[in-house]
Amino acid sequence: MNSREKILSAIRSLSLEPKTLPDIPNFSNSGNLVERFTQSISDNKGEVVTKSEFDAWFSAAGFSKVISLSSQFAELATLPLPEDPHDLESLEVAILDGQFGVAENGAIWLEDTQLGLRALPFATEHLVIVLDRNLLENTMHQGYEKIATAHSGFGLFLAGPSKTADIEQSLVIGAQGARSLRVVLV
Amino acid sequence: MSHPENAAEFLKDAQKSKWHDETLWFVRDKRDKVSKRIPEWEQLRELASGIKDNVLANLANYLEEFERKATKNGIIVHWAADSEEHNRLVLEILQKHNCTAVVKSKSILTEECHLNPYLEKQGIEVVDTDLGERIVQFLNQPPSHIVLPAIHLKKKEISELFHEKLQTEKGNEDPAYLTQAARVHLREKFFGAKVAITGVNFGIAETGEFVVCTNEGNADMGVHLADVHIACMGIEKILPRRKDLGVFLRLLARSATGQPITNYNSHFRSPSPGKEIHIILVDNGRTAQLAREKFRNSLKCIRCGACMNTCPIYRRSGGFSYNSTVPGPIGSILSPGLDLKKHSSLPFASTLCGSCTDVCPVKINIHEQLYEWRQEVTKTQGDFAKGLSMKLANGIFKSPLAYKISGSLMRNVLKSLPNSLIYHPLNVWGKNRNLPDAPKESFQQWYQKNRS
Numbered sequence: 074m075n076s077r078e079k080i081l082s083a084i085r086s087l088s089l090e091p092k093t094l095p096d097i098p099n100f101s102n103s104g105n106l107v108e109r110f111t112q113s114i115s116d117n118k119g120e121v122v123t124k125s126e127f128d129a130w131f132s133a134a135g136f137s138k139v140i141s142l143s144s145q146f147a148e149l150a151t152l153p154l155p156e157d158p159h160d161l162e163s164l165e166v167a168i169l170d171g172q173f174g175v176a177e178n179g180a181i182w183l184e185d186t187q188l189g190l191r192a193l194p195f196a197t198e199h200l201v202i203v204l205d206r207n208l209l210e211n212t213m214h215q216g217y218e219k220i221a222t223a224h225s226g227f228g229l230f231l232a233g234p235s236k237t238a239d240i241e242q243s244l245v246i247g248a249q250g251a252r253s254l255r256v257v258l259v
Numbered sequence: 008m009s010h011p012e013n014a015a016e017f018l019k020d021a022q023k024s025k026w027h028d029e030t031l032w033f034v035r036d037k038r039d040k041v042s043k044r045i046p047e048w049e050q051l052r053e054l055a056s057g058i059k060d061n062v063l064a065n066l067a068n069y070l071e072e073f074e075r076k077a078t079k080n081g082i083i084v085h086w087a088a089d090s091e092e093h094n095r096l097v098l099e100i101l102q103k104h105n106c107t108a109v110v111k112s113k114s115i116l117t118e119e120c121h122l123n124p125y126l127e128k129q130g131i132e133v134v135d136t137d138l139g140e141r142i143v144q145f146l147n148q149p150p151s152h153i154v155l156p157a158i159h160l161k162k163k164e165i166s167e168l169f170h171e172k173l174q175t176e177k178g179n180e181d182p183a184y185l186t187q188a189a190r191v192h193l194r195e196k197f198f199g200a201k202v203a204i205t206g207v208n209f210g211i212a213e214t215g216e217f218v219v220c221t222n223e224g225n226a227d228m229g230v231h232l233a234d235v236h237i238a239c240m241g242i243e244k245i246l247p248r249r250k251d252l253g254v255f256l257r258l259l260a261r262s263a264t265g266q267p268i269t270n271y272n273s274h275f276r277s278p279s280p281g282k283e284i285h286i287i288l289v290d291n292g293r294t295a296q297l298a299r300e301k302f303r304n305s306l307k308c309i310r311c312g313a314c315m316n317t318c319p320i321y322r323r324s325g326g327f328s329y330n331s332t333v334p335g336p337i338g339s340i341l342s343p344g345l346d347l348k349k350h351s352s353l354p355f356a357s358t359l360c361g362s363c364t365d366v367c368p369v370k371i372n373i374h375e376q377l378y379e380w381r382q383e384v385t386k387t388q389g390d391f392a393k394g395l396s397m398k399l400a401n402g403i404f405k406s407p408l409a410y411k412i413s414g415s416l417m418r419n420v421l422k423s424l425p426n427s428l429i430y431h432p433l434n435v436w437g438k439n440r441n442l443p444d445a446p447k448e449s450f451q452q453w454y455q456k457n458r459s
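Residue numbers (the numbering used here), protein chains in the order written: chain A, 74 to 259; chain B, 8 to 459.
Errors might be hidden in some of the hints.
[Stated by the list, open to error] Below, a list of computed lysine to aspartate or glutamate pairs in the EDC-like style, where the Cα atoms sit at most 20 Å apart: (1) 219/A x 53/B; (2) 250/B x 162/A; (3) 92/A x 53/B; (4) 250/B x 218/A; (5) 250/B x 96/A; (6) 92/A x 213/B.
The set of hints was computed from the structure by calculation and includes no laboratory data.
Bound-form chain B, shown alone (with noise of 0.2 Å):
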């Protein structure tokens, strides 16, 4: 399904789609008031996306320093070219540990490569143990946000759903009650698990360790009682210095929920006596991005989710309209990259306003590169409908008379031509929008009135 026809199913619900559009605009605004707190806040931008150009044009390099580094720190390092190298990759080291259950927290990248079901298809039990991705799951369903994961749910909905599986009270929709029942649910799993998986948001190749943030602490919970650690990392995600830290964390939790900092940022560097840690360096289509000049940028991304909280289509649209892994403007120009003909309708899911650009924390032009994605789109299947009104307007206002007789035409027309004509499902922009009334005059025959 398209992204217009997947909105409309999320609209249905008009007093959830209000909420929704509403709490991210709320988070969009805690943004703005901490982000201003920071006088150099501009220059932070402008440094974090000078940094990552640096990454960019010389990430061979930082890939091998950060592997040495890594090796020497005793991490086991693993390449995977794609999705399915790296589930398999992911497989084997569970297998060789004689795992079946592992607990896993926040991977935008484990998402992408359907990482879950595969595991599962091997007889695997995963636990996803972040809360709002605990309760997705729970429901079968991906994240709709990257950062907050159940925003398009409601707390009836969540305290129905752990009334089931939980054996939670019927009817309490507390949210400290709930995420009570959650947290003595995921503690016994985080006590029993072996092996536990984690994103990763920074590596280091100065230092060959990695960076993992969250709030809930899940991720350390995971890895701190397990005998292993698989980190599984998209190789966009290095930074050169240690010290670049210092310019990455101060944007990141700011720009994504409005905090000073998230309050776990774990640096990993070589695993406790008796343990082992893993890190898979995947590519799965960032190297072919990094080859598209005009789309280059989009590498740069943190995945802070701050475009996403800013977008007056995401917002009113909800993220699984997107039917893409990341939603939102930069999952726009992210997944056209990965396969341009089920992405095709995603440049379009968008007003150009900008305000995406304006947030983002490393100054990805998304905007623009929605724009250039829509030549590509273009090219490859035109509009038929649009092509011909187009012409037909292309005709209209290069003759002086032909635009003076239509003018006249449409005004007379307009009123007397049936809604069903003027709502035509040809015409895209008639839908939910009503055409002004038709003045009684031009602006010519105005000004020959008034002014001459």
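So here's chain A without its partners, still in its complex pose (with noise of 0.2 Å):
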């Protein structure tokens, strides 16, 4: 016998009695959505900005190495999107459509389509994501309600910046991944 069958016989040996599975209400809270989105995404050390702040940030900082895959910015982009992700080594700044945020935790989801590189948003020094103040929903039941039946190979709830506490539980924003998280909410 394998260990497949070896495991799955040992389970149904048991012949445990069945558990009924509950069913998850539709739970959510009261609240401005955009409000408690911001609120959430400066929590996880993020920043919500306007189109305005983004432009006067992104000009000033004078960036010559750019990706965006967004529309709306898609005259940013110094580089196109590579073919290997060990291009991305140097970037500077990837800008990227979410498709939408969650206001409880400030978690954007992404999948695939918008991601170029799955690597993308984590290789890059600066994450930039634009996000339609329209497409917010209240708490995480919502959002996976909306992506139900979605098929992406990957999809990622991102709600922050690359940050750790494992040294004496002091902050640091920045760890392996992106330094900066800025959300522009359009």
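Could you use the hints to bring the two separately framed chains together as a complex?
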């Protein structure tokens, strides 16, 4: 008997009494979605900005290596999306469109179609996500309802920049992945 | 060494152990604050526990469904009965790809299987990429906490370590500076690795996808740059439906560190073109635990570490005192199932205060199971001294005369007995504890004088 059969038959030999799978109520909270989303992103050490705030930051910084997959900011790209993710090593900014955001925790849903390369939002120095303010959901329950049947090889709830508190619980932003997250609400 | 012996060692550095205690309590406090912002928090715990009940009762079917869907998605599914088989499967995949260096993100399962030493013996370099795990790996230590692997270390120690390993400035203890040095070091490893290993937080039967949560983004940095992703998953990590993630992701990070969610929650369904995803489904004692009715619930654990942060014993004895891959209250009910003799002191490393049970996001009755394990331990290895004193007490409490005489005897004798006799090694309760002063009279005498 191989291990697969061994494991499955060990489980089946117990003939455990079935237990009903509970239904999940559609929990949702009251309150202004944009305000709560903005607060959540800020708690996660990201920043929600307006288009003009973004423009000011971007032009002042003078980045030279920028990939933009966002239709609204296509003209900011200085580099095309490479074929090999290893070419992202010195990328300064990635600009992506988010599908929707979740107000309770700031999580933004992204799939292969928005990412181009799966490594992109992690490998870049700074990450910018463009999000329609009308596409905010209340809690994760509504979020998963929205993507229930969506099929993507890779999907990601991204809620902030790379961070760690592994040295004496001191919070440091920019561990291994992106050092900053800006969400442009449009 | 037993838990009390290891704990005594940890407590020698009084200042550090106080810091450890307070820091973990701070994390527990954050968990309280953030959970209280969710009105349906208790309902979510109830739901999570109910979903896991359903999973454990129907595990074989869910595993088969997961395998079927994952395979259809292009993921290669393997099964491992024990840690040896798990390690061998990982090695075979590495050898097939002529890979001699891997990056690995946090996985308690691979710690449980002792994968690192196994691969290193085969000449493969393993780089743990979670910052805390990299720190303890540099020190040749296991993690002391499942979520905060280096919580037993002070920044001075990390600064000295990084000076030696990463050539940072001597004496620079700034966490931001040290993290930056680790970032440069680890990014070099990510960009050079062909194979990446990760753990799994949740596997979804309905879709055949699995979810990995991190704050550092290290799991994703590894797997998206590598050609091959190996995910190692305990068979109990299955959830039936995608929407169940809504419940579990709301609970996990809030319980673990008091954040509303981890910053990266990656859903792996099929490999990028030209790449491979392998998943290894591991038993290693889980079906045996499933068979133990009283302890079955322990398999609901989602490894958030909340029970450790709240435990008065864990906070004051440190993760290493448990000498178990998963330390703390949950480790003390999981590990005896793997090796009762080795871990026999763990069910006693608890005050049975029940705080672990109160914070557990999947409502495992941890303190009750600790009590149950104590019965199992005593059945196999009785405690002579305690047995004797209990028999003695039984005789005294049965006879009113004996009770009366012994009471007055103790009141007089305690005053004059030498400490060496009271704090005898056989009396473990005398360690670090002082007896109260003996009262002058018994309650009965007091009552007769004042109330009769």
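Results of checking the hints against the structure:
A C-alpha spacing of about 24 Å is found between residue 219/A and residue 53/B, which places the hinted pair above 20 Å, so the restraint is violated. With a C-alpha separation of about 35 Å, the suggested pair residue 250/B and residue 162/A falls outside the 20 Å cut-off, and the hint is violated. For the proposed pair residue 92/A and residue 53/B, the alpha carbon gap of about 14 Å is at most 20 Å, so the pair holds. Pair hint residue 250/B plus residue 218/A holds up; C-alpha atoms about 7 Å apart against a cutoff of 20 Å.
The straight-line distance between the Cα atoms of residue 250/B and residue 96/A is roughly 10 Å, inside the 20 Å bound, and the hint therefore holds. Only pairs whose Cα atoms come within 20 Å are accepted, and residue 92/A paired with residue 213/B is accepted, the gap being roughly 18 Å.
Of the numbered hints given earlier, the model fails hints 1, 2; all others are met.
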